[in-house]
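Each chain, letter by letter, is given below.
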Amino acid sequence: MSKVVIDALVERFPDAVYDAYVGVGGDDCAFVKKERIVEVCRFLKSDPGMLFDMAPYITAVDYLGQEPRFEVVYNLLSLKTNRRIRLRVKVPEQDAVVPSVTSLWRGADWFERYCFDMYGIRFSDHPDMRRLFMYDEFVGHPLRKDYPLKGRQPLVQEREVKDIYRGPGPATRD
Amino acid sequence: MTEKKGLGEVQTAAPGEELRLRPGESELDAFMPSRRMTVNLGPSHPAMHGVTRAVVELDGEIIREMKLDIGFLHRGFEKSCENVTWTQCFPYTDRLNYVSSIMNNVGFALAVEKLCKLDVPERAKYLRVITSELHRICDHLTLVGAMGMELGAMTVFLYAVEARDIIWDRLAELCGARLTSNYARVGGVARDAPEGWVEKTGKTLDRVKGYVDEIDGLLSRNRIFIDRTRGTGVVPREDAIELGFTGPCLRASGEPFDLRKAAPYLVYDRVDFDIPVGTNGDNFDRYQMRMEEMRQADRIIRQCFTQMEPGEIAVQDFRYVLPPKPLVYGTIEGLMAHFKIIMEGIQVPAGEAYSYTEAANGELGFYVVSDGGGRPYKLGLRAPGWPMLAALPFMTKDSLLSDLIPTFDSINMIGGEVEQ
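Respectively, the protein sequence lines represent chains A and B. Take the first sequence: its position 70, counted from the start at 1, is 922 in this note's numbering, and no numbers get skipped. Take the second sequence: its position 84, counted from the start at 1, is 133 in this note's numbering, and no numbers get skipped.
Derived by calculation from the structure, the hints in this document are not laboratory data. On a predicted model such as this, the values are computed, not experimentally measured, just so you know. Accuracy of the hints is not assured; some may be wrong.
Derived pair list, reagent style DSSO-like, types lysine-lysine, alpha-carbon separation capped at 30 Å [said to hold, decoys possible]: (1) Lys-855/A with Lys-166/B; (2) Lys-258/B with Lys-897/A; (3) Lys-128/B with Lys-942/A; (4) Lys-855/A with Lys-942/A; (5) Lys-166/B with Lys-310/B; (6) Lys-128/B with Lys-932/A; (7) Lys-897/A with Lys-942/A; (8) Lys-389/B with Lys-897/A; (9) Lys-885/A with Lys-932/A.
On the chain A side, residues computed to face chain B include the following (Cβ under 7 Å) [to be verified]: (10) Ala-860; (11) Tyr-870; (12) Val-874; (13) Gly-901; (14) Leu-903; (15) Asp-905; (16) Met-906; (17) Pro-908; (18) Tyr-909; (19) Val-913; (20) Leu-931; (21) Asn-934; (22) Ser-952; (23) Ser-955; (24) Phe-990; (25) Gly-992.
Quick list of simulated restraints, FRET-style, between CB atoms [stated by the list, open to error]: (26) Glu-919/A with Gly-251/B: 57 to 65 Å; (27) Pro-243/B with Tyr-987/A: 43 to 51 Å; (28) Arg-974/A with Leu-228/B: 48 to 56 Å; (29) Gly-421/B with Leu-903/A: 30 to 38 Å; (30) Glu-863/A with Ile-215/B: 56 to 64 Å.
Glycine residues also receive a C-beta, built at the ideal position from the N, C-alpha and C atoms.
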């Protein structure tokens, strides 16, 4: 892959884009400051040299024990130039609010709702910031590393089943 | 402003929508102000396959607004995978898109191999492509059959299921299961093709081709089918791109983007095939994409059969692949390698990667993060049907309620992958 996109980004946003690197398999990757993500994405989408017209996947990772704890990962694709870029945004636990990119790509809507549902990262200016998969009464965010693997929260009383053990599992991995 | 009494309430028509008879118009044809009605569709509705709940705001028969409520099939795919070894994730990936499970297996295997910087042997590549394309035919047959059935053509469904079944028979001979194949492995595939399987599959493909032609004859020029699908659920090209459509739905809108051509993986750069591209982006185009892709998949498989040569089906590196049983029982190195893979899992180098393949419904992406251990630290799944389902309110806005059914069919929402 070429370093064109990364170089252009670093040149244009020297104070927002940092630690650019070429990932496994030659993917272009860079870290972006949380407050500037919309600005960087707008440049990537609208600049005639970039034209990243699609955001195929946005997800989050919980690096428990690291500071800042969370990370939101934007995988962007340009259909015109067939280039991809991965932007990583560090999100601290105390201030887990990231500006939403739904104004740029409507397809980001459910991905951001997913990040909120599973990791508790809020997206400001999102039109409909609700849980995606879990029900509204659900407490906690299941993909956080400190959520127990067997933490069951049934909406209706579960029936007693003799041969299956149900209960809160260990907080760490099994 | 006309006020009409109905259902005990005073109803007001919107400005400019008065009950006014145009010259020559009978009272029966005149505009009748109606009250908006909220209807709950699903989660288990006979016309919605899968369990998806849609709250629809209706104005007469026209959908004015729609809200989707999903997650009834959520079973914690990512959380489960974070707590098992890399190899144990494969059965979980089977259950994502359960109609075309091998494509999920291959997609996940490629993601892990990208992190491990592993290249699989030639024969494994061909077997992966052949099985993936067989499953692509299955997936498209499911869509076409279900679409026909829900629009009233039960025969089509029976043909499609019959064709799908004979392919699954061949896959069962290959990997022992019809649906949950669990076929790919990190570093190769699980089993080689049995004796005579290639010829047998060739004959099966002939029969499938016959069924596909028959379905084509029943639907493609069927007046009822065309009336229900043409011009409904239209997604213009710009919207499709912005909404994150991939796969046949994106190509139906006129964007010729296919990962098998744009970023060839495995052996797709060695086979000759065409990508169908639509023009209108409506349900009929999406249906036609599927019909043509089945024929192209047939072409790919037959080319792979002629190009494929005997050889290894997995890398001979026992840090990634289980050693053969004589080595396990006969040598201490083999036993240790076996033990380490089973007990600790494959040691994937620390790092993160995003790997993408062209599954039946679009881009199937896996974002894998490894901390250097035997289990995934994070396994993010980009389900192909996700953006399409998210766009359903956009696609059905201001259309008839009955158009929801073909639109829902043609995006091919598979609950297993979308709701993880």
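Checklist entry - Going through the earlier hints one by one, which of them does the structure break, listed in rising order? => result Structure breaks hints 2, 6, 8, 10, 11, 12, 13, 14, 22, 23, 24, 25 and 28.
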